[in-house]
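**Student:** Listed here are the chains, written in short residue letters.
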Amino acid sequence: MAGTVTGDIRRDKAFFEQRFTNAMDFMLRDMDLGGVKAALLALDGLVSKQIITLSILNPLLAARPPKDPRARLSYIEEQVLGSMEQKRERSLDTLLTLLMSGFAILLVEGCGDALVFGVQGFETRGPEEPQNEVMQRGAKDGFTESYQNNIAMIRRRMKTTALKFEKAQVGSESHTPLALCYLEGVASPEIVAGVREKLRACDLETALGAGYLAGYLERRGLFSGVGQTERPDVVCGKIAEGRVAVLVEGTPSVLLVPFLFVENFQTMDDYLTRPFYAAFIRWLKYFAFFVSAFLPGLYVAIAAHHPELLPESLMLKIAGEEMRTPFPVFLETLLLYFLYEILREAGLRAPKSLGSTVSIVGGLVIGETAVEAGVVSAPSLMTVALTAVAGYAVSRLYEPLSLLRLVFLILGGIFGVWGVTIGLTLVLLDLSATGSFGVPLLSPVSPFRARLVWRDVAAREPWKQLSKRRARVQDMPGVEKKS
Amino acid sequence: METTKHTVSARQFFVMMFVSHAALSLFTGSRSLGGGNLLEGIFSCGLAQLVGGAVMWPILLLQRRCPGLPLPQAAEQALGKWGKLVSAAYLLYLAAANGAFLGLFQIFLQDTVNPEFSASVTIVLLLLTAAYGAWRGIECVARCAGVVFVLFLLGTGLVFCITAARFESENLRPVFYDGWGQTLYGAAAFLARTSVYADMAVLLPFAKGVRARHFWGWALGCWGFIAVLLLLLAGCLGPYADTQNFPVYALSAITEVRSMQRLDAVFIGVWIMALIVRMGSAMAAGRACFAGIFPKSRPGVGLCMAAALMLAAAFATAESRSARMFLLGAGAHLAGVFLCGAALPLAVFLPAGRQKSKGKGGAAHESQTPLR
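These protein sequence lines are chains R and V, in that order.
Under the working numbering, the letters of the first sequence match residues 533 to 1015, in that order.
Under the working numbering, the letters of the second sequence match residues 1499 to 1870, in that order.
By construction, these hints were calculated from the structure, which means they are not laboratory data.
Some hints could be false.
Part of the chain V face toward chain R, derived, beta carbon under 7 Å [stated by the list, open to error]:
(1) F1541
(2) G1544
(3) F1615
(4) A1617
(5) V1622
(6) L1623
(7) T1627
(8) Y1630
(9) R1634
(10) R1641
(11) C1642
(12) G1644
(13) R1760
(14) G1767
(15) M1771
(16) I1774
Quantities reported herein were computed from a predicted structural model and do not represent experimental measurements.
Where is the CB? At the ideal position from N, CA and C, for every residue including glycine.
Looking at chain R on its own, in the form it has when it is part of the complex:
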């Protein structure tokens, strides 16, 4: 505990100077306000020097504060400074945090309070379209690293006083500010309280991204009950259905809770196109998920254990190709799987200028030559390639999908189709057991509610119906009712 402002300017200044020893960004400006000593503190790079000079320094230097120390701060606050965001603060700990958040601090001799000004002026990125969530028809702006800008982006779209932004902070070292965003009267108070409680219980030292907090908001399981988006329109849509968004300073990703499994297949474009097309695209995504998760496992299972399932001509073709390669189909597909994952990781991490070279060398050269040299068979290569492409149709599920693929591949290789079905049941059990703030992850599919399934899962109803029949997340079937 650092204590409070003493009013002795030498001691108060010494406190800050000691804390910021060897910190070249620490700025301290001593002033004499008509015989009264004062000091202005700020951190270079976090504040706008222009605003400080024009709105704080110039008026202060022209001011003549009263002799009575108790009246000095009121005089400066009310008659000298015209800053919109200013407040008094006594705690030195809070002052340190504010200073490091881009606020300027004014210490005045004889005053037991410091004045704090919001003069943030750090550079932020413009609201570009997020590369991970590219939309055909949706808005082209995305969140940035400044959570205040992100708040403004949401506010611009939801002009209602029911829209609330609750301030909070995580990280004992980083003191990362964040905001809980929800619609009062729409979001369940239990869910909001639950999020608040879990964030309060968060014992992180540093929180450098939204992903740090996701683990604190979800229960164990393969699939996450916490969604992430970089799009303000998606956040607005979700909070209108009763969800809570968590905006974290320093990251463009916003957390959304509760987040159901079916939401992984929903995109903003679904709501901007005609309903029949949206339903068609959605079923394509379900199919892509199935292909991406099960195809390698099923291919190996069928080729190695149940060839009778295949049409005769295809079976003979696969057998012919396998005759030319040295490895069994299971090992070959496993090899290709790992090769693909390595190439993907390399493509992601390589400098942009080399990214396309990695793809060409990896995908075309290695792939083609491997088949021509008879190291791997063409059907196996095609299976892995198809799986990889299908995975990007449901990009939100890429992480669990890449693991599932491997698990099903191994199960299919050892136990055939039955191994895959046992694995599928295990995944279903895991999904069934997971919930997000009392809402089952599989809802409204299981527990089943036909109206909700036809509304926005199996199909997408036209807006005329969607707007009339509201479906809040807390009204999903299977939501735990506390006794």
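With chain R fixed as given, assemble chain V onto it according to the hints.
**Tutor:** Relative to chain R, chain V alone:
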């Protein structure tokens, strides 16, 4: 401590029971029905379901008297220390009956399908998956059962639709030609295999909603499914079905969709999913019973015990002829169904009623057994 009074809806519960019961239809055949006409099995099954309604009556009565109270707790409340014996009887019956069916599945894999991998390891894997589900709670198994139910209907529906093209009415034989004997025996055989009554007795307190109506819906659904299956077996396979140990598998093996020659692997895959649901719900019930015997034990211990007993029964059934004769005998199963389905719930219901009239019980109870 915060408890949830009910964890699954009655609809979810009976869907889970449907999947659990339908999982055993893989073993349906004329041999298990006492030989002879498969069509008579349709009547046998209907009769078994009607008798099942009578078996279920004490369970429903007990639930009405002690709403929300799991059977092990109700037994202890009504019978004192003797109540632990009731829990032990349920645990043993659940383990023996379900383990025996699992053993039968292992025999099916070894003798009929003959896969390249170990059938025993498949059984262990299946049981471990079910144990994971039971460990995560009855809600988890019930929700999973909802999805498996759809996959099961799609899978079996596909096979039924394809095989229906091979249906020949010449294969059908007149019913009741040899009197009612076989129908009655078949009804007893069907009833003997309906071990889910024990699951219902233990797990029903965790379901909310109108139970009697849902029960009859379940009974009708099960009967309809078996009836279609038996009709197709009789019509498509004819006398060939009588020569098969697992005619349902034989039916799936003749499925052919254009260039795809056989779909039996997919069919068995779907059946495995249903078996996992069955074992999962049985293990959840077994765990509740174990908690009734040893209230201070950790939930994981009860689950491990139930799984170990089931595995032992499964291996005994698959490996030992004498154990198979006992564990798969219709007589023992029938006795188990009547004991755990009707007699024990009635034995708990009567003293519970007396206690209620004395003012000792009867209040709505919270479920105390840790099922999550």
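**Student:** Going through the numbered hints above, which ones does this structure break? Give me the numbers in ascending order.
**Tutor:** Hints 1, 2, 4, 5 are the ones this structure does not satisfy, whereas the remaining hints hold.
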